[in-house]
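Go ahead and model the full structure; you've got the sequences and the hints to work with.
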Amino acid sequence: MWKQENAEVLEVERLLDEVFRIRFRADRIARDAAPGQFVHVLCSHHHSPFLRRPFSINRLDEDELSVLFKVVGEGTRLLSRVTPGQTLNLLGPAGRGFPVNVSGAHVVLVAGGMGVAPMPALAHRLLAGGNRVTAIIGARNARYVFEADHIAQCGAEVLVCTDDGSAGARRSATSMYRSLPDKGDIAYACGPLPMLYEMKQCVVTPLWLSLETRIGCGTGLCLGCAQPSGYTEDGQVVYRKVCTDGPVFHASEVILLEH
Amino acid sequence: MWKQENAEVLEVERLLDEVFRIRFRADRIARDAAPGQFVHVLCSHHHSPFLRRPFSINRLDEDELSVLFKVVGEGTRLLSRVTPGQTLNLLGPAGRGFPVNVSGAHVVLVAGGMGVAPMPALAHRLLAGGNRVTAIIGARNARYVFEADHIAQCGAEVLVCTDDGSAGARRSATSMYRSLPDKGDIAYACGPLPMLYEMKQCVVTPLWLSLETRIGCGTGLCLGCAQPSGYTEDGQVVYRKVCTDGPVFHASEVILLEH
Amino acid sequence: MSIDLTTTLGPLTLCSPVIAASGTFGYGTETGTEVDLRRIGAVCVKGLTLLPRYGNPPPRLIETPCGIMNSVGLENPGIDRFIEEVLPRIPPSLKVIVNIAGATLEDYVTLAAKASIPRVSALEVNVSCPNVKSQCLAWGLDPTATFELTRAVKASTHLPVIVKLTPNAPDVVKVALAAEQGGADIISLVNTFLALSIDVERRRPVFSNTFAGLSGPAIMPIALRMVWQVAGAVGVPVIGMGGILTARDALQFLMAGASAVAVGSANLRDPAAIPAIVNGIEEFMEREAVSHVSELVGAARPEGPSNRGAGQAESRRRTGHCPENESADALFQSRA
Amino acid sequence: MSIDLTTTLGPLTLCSPVIAASGTFGYGTETGTEVDLRRIGAVCVKGLTLLPRYGNPPPRLIETPCGIMNSVGLENPGIDRFIEEVLPRIPPSLKVIVNIAGATLEDYVTLAAKASIPRVSALEVNVSCPNVKSQCLAWGLDPTATFELTRAVKASTHLPVIVKLTPNAPDVVKVALAAEQGGADIISLVNTFLALSIDVERRRPVFSNTFAGLSGPAIMPIALRMVWQVAGAVGVPVIGMGGILTARDALQFLMAGASAVAVGSANLRDPAAIPAIVNGIEEFMEREAVSHVSELVGAARPEGPSNRGAGQAESRRRTGHCPENESADALFQSRA
Ligand SMILES: Cc1cc2nc3c(=O)[nH]c(=O)nc-3n(C[C@H](O)[C@H](O)[C@H](O)COP(=O)(O)OP(=O)(O)OC[C@H]3O[C@@H](n4cnc5c(N)ncnc54)[C@H](O)[C@@H]3O)c2cc1C
Ligand SMILES: Cc1cc2nc3c(=O)[nH]c(=O)nc-3n(C[C@H](O)[C@H](O)[C@H](O)COP(=O)(O)OP(=O)(O)OC[C@H]3O[C@@H](n4cnc5c(N)ncnc54)[C@H](O)[C@@H]3O)c2cc1C
Ligand SMILES: Cc1cc2nc3c(=O)[nH]c(=O)nc-3n(C[C@H](O)[C@H](O)[C@H](O)COP(=O)(O)O)c2cc1C
Ligand SMILES: Cc1cc2nc3c(=O)[nH]c(=O)nc-3n(C[C@H](O)[C@H](O)[C@H](O)COP(=O)(O)O)c2cc1C
Ligand code: FES
Ligand code: FES
Chain R
3 MWKQENAEVL EVERLLDEVF RIRFRADRIA RDAAPGQFVH VLCSHHHSPF
53 LRRPFSINRL DEDELSVLFK VVGEGTRLLS RVTPGQTLNL LGPAGRGFPV
103 NVSGAHVVLV AGGMGVAPMP ALAHRLLAGG NRVTAIIGAR NARYVFEADH
153 IAQCGAEVLV CTDDGSAGAR RSATSMYRSL PDKGDIAYAC GPLPMLYEMK
203 QCVVTPLWLS LETRIGCGTG LCLGCAQPSG YTEDGQVVYR KVCTDGPVFH
253 ASEVILLEH
Chain E
3 MWKQENAEVL EVERLLDEVF RIRFRADRIA RDAAPGQFVH VLCSHHHSPF
53 LRRPFSINRL DEDELSVLFK VVGEGTRLLS RVTPGQTLNL LGPAGRGFPV
103 NVSGAHVVLV AGGMGVAPMP ALAHRLLAGG NRVTAIIGAR NARYVFEADH
153 IAQCGAEVLV CTDDGSAGAR RSATSMYRSL PDKGDIAYAC GPLPMLYEMK
203 QCVVTPLWLS LETRIGCGTG LCLGCAQPSG YTEDGQVVYR KVCTDGPVFH
253 ASEVILLEH
Chain C
2 MSIDLTTTLG PLTLCSPVIA ASGTFGYGTE TGTEVDLRRI GAVCVKGLTL
52 LPRYGNPPPR LIETPCGIMN SVGLENPGID RFIEEVLPRI PPSLKVIVNI
102 AGATLEDYVT LAAKASIPRV SALEVNVSCP NVKSQCLAWG LDPTATFELT
152 RAVKASTHLP VIVKLTPNAP DVVKVALAAE QGGADIISLV NTFLALSIDV
202 ERRRPVFSNT FAGLSGPAIM PIALRMVWQV AGAVGVPVIG MGGILTARDA
252 LQFLMAGASA VAVGSANLRD PAAIPAIVNG IEEFMEREAV SHVSELVGAA
302 RPEGPSNRGA GQAESRRRTG HCPENESADA LFQSRA
Chain X
2 MSIDLTTTLG PLTLCSPVIA ASGTFGYGTE TGTEVDLRRI GAVCVKGLTL
52 LPRYGNPPPR LIETPCGIMN SVGLENPGID RFIEEVLPRI PPSLKVIVNI
102 AGATLEDYVT LAAKASIPRV SALEVNVSCP NVKSQCLAWG LDPTATFELT
152 RAVKASTHLP VIVKLTPNAP DVVKVALAAE QGGADIISLV NTFLALSIDV
202 ERRRPVFSNT FAGLSGPAIM PIALRMVWQV AGAVGVPVIG MGGILTARDA
252 LQFLMAGASA VAVGSANLRD PAAIPAIVNG IEEFMEREAV SHVSELVGAA
302 RPEGPSNRGA GQAESRRRTG HCPENESADA LFQSRA
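Residue numbers (our numbering), protein chains in the order written: chain R, 3 to 261; chain E, 3 to 261; chain C, 2 to 337; chain X, 2 to 337.
It should be emphasised that the hints constitute simulated quantities derived from the structure, not laboratory data.
In this text, all values refer to a predicted model and were calculated from it rather than measured experimentally.
The reader is advised that the hints may include incorrect statements.
To be verified - Mimicking SDA-like on lysine to any residue, the simulated pairs with C-alpha atoms at most 20 Å apart in a straight line are:
#: 1; chain 1: R; residue 1: Lys5; chain 2: C; residue 2: Ala277
#: 2; chain 1: C; residue 1: Lys175; chain 2: X; residue 2: Pro144
#: 3; chain 1: E; residue 1: Lys202; chain 2: E; residue 2: Ala253
#: 4; chain 1: E; residue 1: Lys202; chain 2: E; residue 2: Arg180
#: 5; chain 1: X; residue 1: Lys175; chain 2: C; residue 2: Pro144
#: 6; chain 1: E; residue 1: Lys5; chain 2: X; residue 2: Thr30
#: 7; chain 1: E; residue 1: Lys5; chain 2: X; residue 2: Gly33
#: 8; chain 1: C; residue 1: Lys175; chain 2: X; residue 2: Pro171
#: 9; chain 1: R; residue 1: Lys72; chain 2: R; residue 2: Pro86
Structure, rendered in structure tokens:
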């Protein structure tokens, strides 16, 4: 069950002009949080932007958690300007994360762009659970490769690839996955929709995807975050809520359209 | 004529929990600015608060100016959080300031609360013009007395009074004025409406008042800042624009209602 | 000093004057122990239809300046599954108002009958739905349709009937009077404002249905005006809503003549918004030495406060405002 | 690539599709050299009346979430002094549209006749004013009154006549069609939304006239919806306005079917808002390889763009949208 907490900002790291990591002290939320869940952040003191902004839990500690985000609009712009000592109202842990009660398995993580955000907490938890982890991190170019070292230090095998070859192989995360000699027992993916779509096409093992849609309440109140998940007998589309049924879904639970 | 300028924040001083002074580099505006005029500050990057916020020019240099303000709502809250190096869009110098082309006169300045904001620039200019200046600074208590030393250093005679006697005499700025043996040749006042009302009642010399109303455009476009200034033959109220005809008015130009 | 927040809306009594608006607080089962439900006057559940509805394709919700637009499409499990599966899970401490939406008069009548069970405290008739009979024009746009609908629903339930008006009606006051004549015990307003957003990159409307409903602080000044007008025209108690985010906002609706308020979009920003608003109202009452919330109802109206909840609201009907003030754009109005 | 911003509104041709809305840009004489007036299609001056008006007592303007409410009360020097003293001071490069406001039909006729001089490019008839004949109901609320008013004004001037609609009308589309039948060359909308704000400390409305007009980004989604509906119904060109702050906002109105836009409240935030918006439109056109702004007009409509400015807008009349989409709250609309 999610909680609401006025979390103290402990650290604001600027990784790139427009990419930041914020570390919060948020014991009530961190205590129950699982990798793949998100925190719903109140970015505005006033009433604009009106809604909260959802961010995957990036790193996780007993009483601390961090978010890794890119500035794309007003909410993230305001978030990028917070300073240590300030408190922000967080709501979380929200949603359903990746299945982490596996053990003795070989898990392949596939991240595209900012989709790498949840991977550190996820890799850490899976390794602690006695699994073998291979993490594929795809990015535009070397500057946009985040968390590779951190995840490697946790004990995962990290494979980096970029669109321009400025870091790792010059290929996409999915083609990198396809080229794996050992595809492991299960795959977890987070990234842009086209990448998730491709993954769904090519993956043979069980596959879990972390989806993004516009989130309203983040707590199941508004039905604003519908994700097509199937059809009724008479062909009507049935939806699932990304904020509570997701954001992580089994590939078979969601209908993804080619983009 | 006012100008629009993206002014660099040079310094942010926190004088009290809720009182700040911000110094800007704003050469285009500072060049033409006169004491008593204001700058109209865009406090929000986004669209809330929607309107600018007006602040008297506090101190004035060739290419710099400062504003002294109290946090009372969202606009001033945002303003109080700016950091040196940032730029803010200022519009100014706006409005009509105090008459400063006097010389060889004894001018009495009467300030109540944040009404002291324009006094440093004003005292400085009057003294440079070869006038004698007496500045009465009234405040709630000692903590809310601002600019007294600065104005004294400029060469003015400063009389402080507070409601609780924690600094200077225990009396109001207006009663302090009434008690002056020499009321000088002309008086300039800035402060809460009740104080301006009292001043208008008791002052014998020519009196100029700096008024506050809600300001919209600040440039005469919207007619939103009406100040009752007189009556037509058939008894209709005639208004003046605080943003362009004021904020400084000769006492005879405005109708003030007792509060 | 003792503060009494008990709110009487004709036959309906609530522990607090703040209701969770339909569609913005789920079924009262989603917030667990994190939100103090005892502060909430009642939860108005997401609109229910006879058959389950799966709702509209995404996007269903976007942000606008100080507001949100939604086109959820009344996704709901249908009245039967609601009663069997959802209702029992609603915390007993929470009063339940069932919001019903139909395409035909018969739909509403059946819905009303099915929902008339002990656990339900009142029915809210959402008249913002397209009336199949009149080429899909919403019931609530037309006084006559609203009158008939209200009368039919009223005849098929013993529960207090709330008619929820749409601000898109040509004449909201006429519709309100029609609902009152039809037997409505309570009037609530406003529902969302019909609005449009265009995706300039794709050069097409953002929502699959072209239009969607606008709500949130952005529209509060218009909603407040409508509540003032309706409260001035009808004798039954009014539930005011539209953009309420703070206690101050809620107080404006009460002082405009609403006997209670509902909070919608604000729940999406903060699921604990309602308890915070109720606390703020309490603090205001303490500061201003107001012992009973009903003393604030209509306090900003020329004729002063009157406890409409307890039904002595005749004064309200006699209220005569200068039509100039009420009907013309404020632009042209110079004070007499 | 060469970008052409020339905008043709029937008989009226502008150098840019962005107009300064009445009452928000003074008389075009206030911004001196600080604002590049050459980017502004025209300035619509503050509403003019026969006799000078001194306007309403303060407060006249307050801020609301992402919007402003105003009750200026049409302060203006009167048509005669405007023509003698103000008009000559308006920079020659700036096209002038005279916005007229009357209490009687005769007022409007006289105002139109007086304003029909070479320096004036068009008349905008503000129908949001109380019509003395009909117990102070605004002209623009009633199609018949609007039809007669438009016809009378049209008969008393050779200038292009713009009829400016109020969003408070029961049926904006009906009023628009009435104005078109009355001979309007151009339709502009929206004026401000009738709204209310209450001072909870003083327990009374903030404005002396109770209600005031709401404008700004807050109401843009509603204004855009109305412009879409009107542009779909009338054949004459439409000037869309209501909450435009950015080029993106302006593009939404153009794509909804407006041949030009007007910017009001945004001028209060930034007197240089219009040049910035025009530059933004230009950048968008370059990026999207659009050479003439008219190619964007109606681009988001199912029937696609059409150069209504040049009057080939018959298609628009034939447009049939599903009434469900257009008239009901979006809530109930599930995709077919
Ligand atoms: C469950 C979940 C987890 C997320 N985790 C992360 C994370 O760890 N790191 C990170 O950087 N981002 C993450 N995001 C995305 C992040 O929430 C958005 O980037 C953020 O809300 C944008 O807010 P803004 O106000 O800055 O931009 P806005 O002004 O809200 O949007 C900027 C632009 O992006 C578009 N946009 C914004 N959100 C969406 C959306 N969900 N779908 C489609 N278009 C959209 C807007 O239309 C606009 O054009 C996550 C999203 C979800 C749903
Ligand atoms: C010409 C001029 C010069 C000024 N100079 C200074 C200065 O040097 N230092 C300084 O601290 N302040 C000054 N002010 C006042 C300052 O502009 C306001 O305090 C500020 O705009 C408040 O903005 P906000 O968003 O923080 O508060 P808001 O949220 O806008 O307002 C906070 C509360 O104050 C009320 N309020 C705000 N402004 C006014 C007003 N003008 N009249 C009545 N009620 C109002 C609001 O209704 C609200 O209740 C000046 C005002 C004017 C007109
Ligand atoms: C996401 C969402 C869903 C809604 N669903 C319903 C509904 O099912 N039935 C209904 O009568 N009103 C519905 N409404 C309207 C609200 O109950 C309320 O009338 C409106 O949003 C105005 O209040 P607000 O500004 O506080 O949100 C919905 C509003 C939102 C934002
Ligand atoms: C302060 C102010 C004064 C206005 N005065 C007039 C007027 O005199 N005549 C008129 O037709 N519209 C007037 N309007 C309405 C605007 O022209 C415009 O129609 C409305 O504000 C919506 O556009 P916006 O949201 O861009 O401001 C006024 C608006 C404001 C904010
Ligand atoms: S965002 Fe509200 S239900 Fe998912
Ligand atoms: S604030 Fe707009 S005219 Fe003064």
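State the violated hints by number, sorted upward, taking the hints as numbered earlier in the document. Result: no hint breaks.
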